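J.: For chain P, the structure is supplied; the task is to place chains Z and W on it using the hints.
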Amino acid sequence: MLFYAFAGAAVIGSLLVVTQKNPVYSVLALIASFFGLSGLYVLLEAPFVAVVQIIIYAGAIMVLFLFVVMLLNVPREDAAEWDRAHPLYRPMAVRIGGALALLLALELAWALSRTAGLGGGVADQHPAVSSVAELGRVLFTDYMFAFEVTSILILIAMVGAVILAKKKEE
Amino acid sequence: MISSSFDAIIPMLCVALAGLVVLLAEAFRGRDEKMPIGGLAIIGLVGAGAASILLWNRNATSFGVVTADNFSLFVNLVLIGVGILTVMFSSQTIERDGIPAGEYYAVMLFGIVGMMLMGQATDLLVIFLALETMSLAVYVLTGIRREQQQSTEAAFKYFLLGAFASSFFLYGVAFLYGVTGSTSLDRIGTVIAAQSMSGNPMILLGVGLLIVGFAFKVAAVPFHMWSPDAYEGAPAVVTGFMSTGVKAAAVAAFVRVFLSSLEPMITDWAPVLWLIAAATMVLGTVVGVAQTSLKRMLAYSSIAHGGYLLAGLVAGNDVGKAAILFYLAAYALTNLGAFGVIALLGTRERANDDLRDYAGLFKSHPALAVLMTFFLLSLGGFPPTAGFIAKWYVFSAAIGSGYYGLAIIGVLSSVVSVFFYLRIVVMMFMTDRDARPVPAPITTVAYAGLVLSLAGVLYLGVLPTAVIDFAQASISTIF
Amino acid sequence: MDGWGGILLLAVIGVGFGIVSVVLSYFLGPRNPTPEKLAAYECGMPPVGDARERQSVKFYLIAMIFLLFDIEVAFLYPWALAMRQLSWPGLIQITVFFSILVVGYIYIWRKGVLDWGPEYDPDYKRPPKPGPAVVKRYRYGTRN
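Residue numbers (the working numbering), protein chains in the order written: chain P, 1 to 170; chain Z, 1 to 479; chain W, 1 to 144.
Errors might be hidden in some of the hints.
[Claimed, not checked] Cut-off 20 Å, straight-line C-alpha distance, at most; resulting in silico cross-link-like pairs (EDC-like, lysine to aspartate or glutamate):
1. W/K58 to W/D115
2. W/K58 to Z/E147
3. P/K166 to Z/E153
4. P/K166 to Z/D32
5. Z/K157 to Z/E147
It should be emphasised that the hints constitute simulated quantities derived from the structure, not laboratory data.
Computed from a prediction, not measured in an experiment: that's the story for all the values here.
The shape of chain P in the complex, shown without the other chains (with noise of 0.2 Å):
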């Protein structure tokens, strides 16, 4: 019932996302989207991964969103004719956009038809890794490594978000 609450509410904002014409109302409604998706983790026992999805993608990347919304600051009239004129809009593209999703829906719903008998798979043979402190020592032990790769990804971004995003010297 929850679930249905939950996936109700990151599946409707989604949508808004997609169908709003102000770009500002667009991010808002991905926000309400990401509160659905953090509910969805909570019913999966994942506390940790919940509140991260409220903190990073809610609080940072929203940020981040409004912007470059603010930034590039395309008026609405010209955003939709801007939306009008794309080639992505031509029906061609559209329609064989359209068959490569279904086709992708079609395949997961043929893949989830044929493994029903198959049982919980992960389930079976680990505990869920629920509180966050058990969260922490499996990330410390067993994933300590890509731990320590994470930090050199991050300093790459930064780096680059410096130089592509920094006022030219000169």
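T.: Frame of chain P; chains Z and W shown alone:
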């Protein structure tokens, strides 16, 4: 735990430390101070190379997710070679193009760390992290000339499509984890083999998504759309770096995942990869013929070479594995050399990468024209260059596994590709027009880099046995 | 699912308070609008121009760097909770992780990304002032 051995990550550690030092040096650099930052990068790379050689035959593993078997060490050495040559060419071009040196080298070194990790990781999650590390670095390098619209556009396209491909890859990892309960390649392999799951749709879906992710990075045909734009828009040296380094790393991980843990399912994925490989070879060649920009033409050529590499993967036998390694080395040297020449001929305002810009090159820059000729011949697969042996080796692997059709397609497309490589050679030697803006005189370091690549190309072409033995020794320890 | 009841309650009260306030004031509040009252509230000043002005790219850069450090800090939380179990190895790992990112921080700082004021020009010559006072000039900011 922390007490586990660090041996296997020493090569990466060297490069990462060099990257950190470069970044700090850049941070504390005075306003107009010049620093030998490229030298620092080379020191780190040479250290990593030495470490890789010392680790040979030791089969070290670290943290349970990183291995330093001979296969990955061979790939490491190729990547280090790519790094060193790129630094040598960059020494001339970054100043000319006004690229911020410190950041450029730091990002490049971190990118090499990601590439090395691609080859060394034995866990899908770590492979994904490595993939992201490598890709992020390359996106930044592609767009590093911000004042150029083309460069920015290329970076943007590459980034958007690359992010998509990464999510496909991650989705595939999730499916495999869902069924087997592990992201470790060993575990996945044993679970799949033990339970004969090859018909399991979840696994098939996961494998399919993994193929999408890898094929994107290798620029194999249905997923190659990004590469001509990205290769053309990026600065020429960066194009050389990404067309060799990214490809080598992605192929290494591709081979490791598919020929170790997914080996039991070879009958499921081999036909798919057969199709992808054939389409890649044909399309890369045919479309390449129609290009007028040299960079774009070499981009398609690089797509076609991805197809030859995949042919070795489809073959899946020992010859194929060794052939892939040899091919990676040969292709890296050749392609870097070719892009090095293009980079050196450019000027700040204009890349000079149009085919007509090469008319009469022999008159104005005889040495460069001769070097370029050798690289092009090697790309086309003429004896006595590295490209010939590499192609012959790959096709013999395909025939060895009974894939006659694939070998025939490969040979035919190489024959067609000769047309466009020779067209450039004819342009350089037999036409007279010379109206292109004269590039700055070429520095010794950059020349040395070109000569080094040429020496490598000829060495691999004339005396390939040592490296072939080396490649065969590399694959004997795993799989 | 234990312990989430409180959070749910908090969310319900938070959202409910907002809704109840708006609805109540809609029904209870007296309404006699004047043009002044209908104008957008901007600290008592009459509002000028569009609210959606083009922002500087600087905001964007800061937001991006904030995001990256936000991710970094998110990793601190599980570590802090498991700190006693992990003991020294855990501390070493988090130190390595942070040291690598501190390099990035130093880089950002020295590059002047965090400088917000007008740019400092080291070649700027202060016009001579009358009087014997020696004005010491401090270097601040960075040399980009």
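J.: All hints, please: hold or fail.
T.: Going down the list of hints, with the structure as the test:
1. W/K58 to W/D115: Judged against 20 Å, a Cα distance of about 10 Å means the pair holds.
2. W/K58 to Z/E147: It holds: about 18 Å lies between the C-alpha atoms, which stays within 20 Å.
3. P/K166 to Z/E153: Given pair P/K166, Z/E153 holds - Cα atoms ~17 Å apart, limit 20 Å.
4. P/K166 to Z/D32: Status holds; Cα separation ~18 Å.
5. Z/K157 to Z/E147: 17 Å, holds
The structure is consistent with each of the numbered hints, conforming to all of them.
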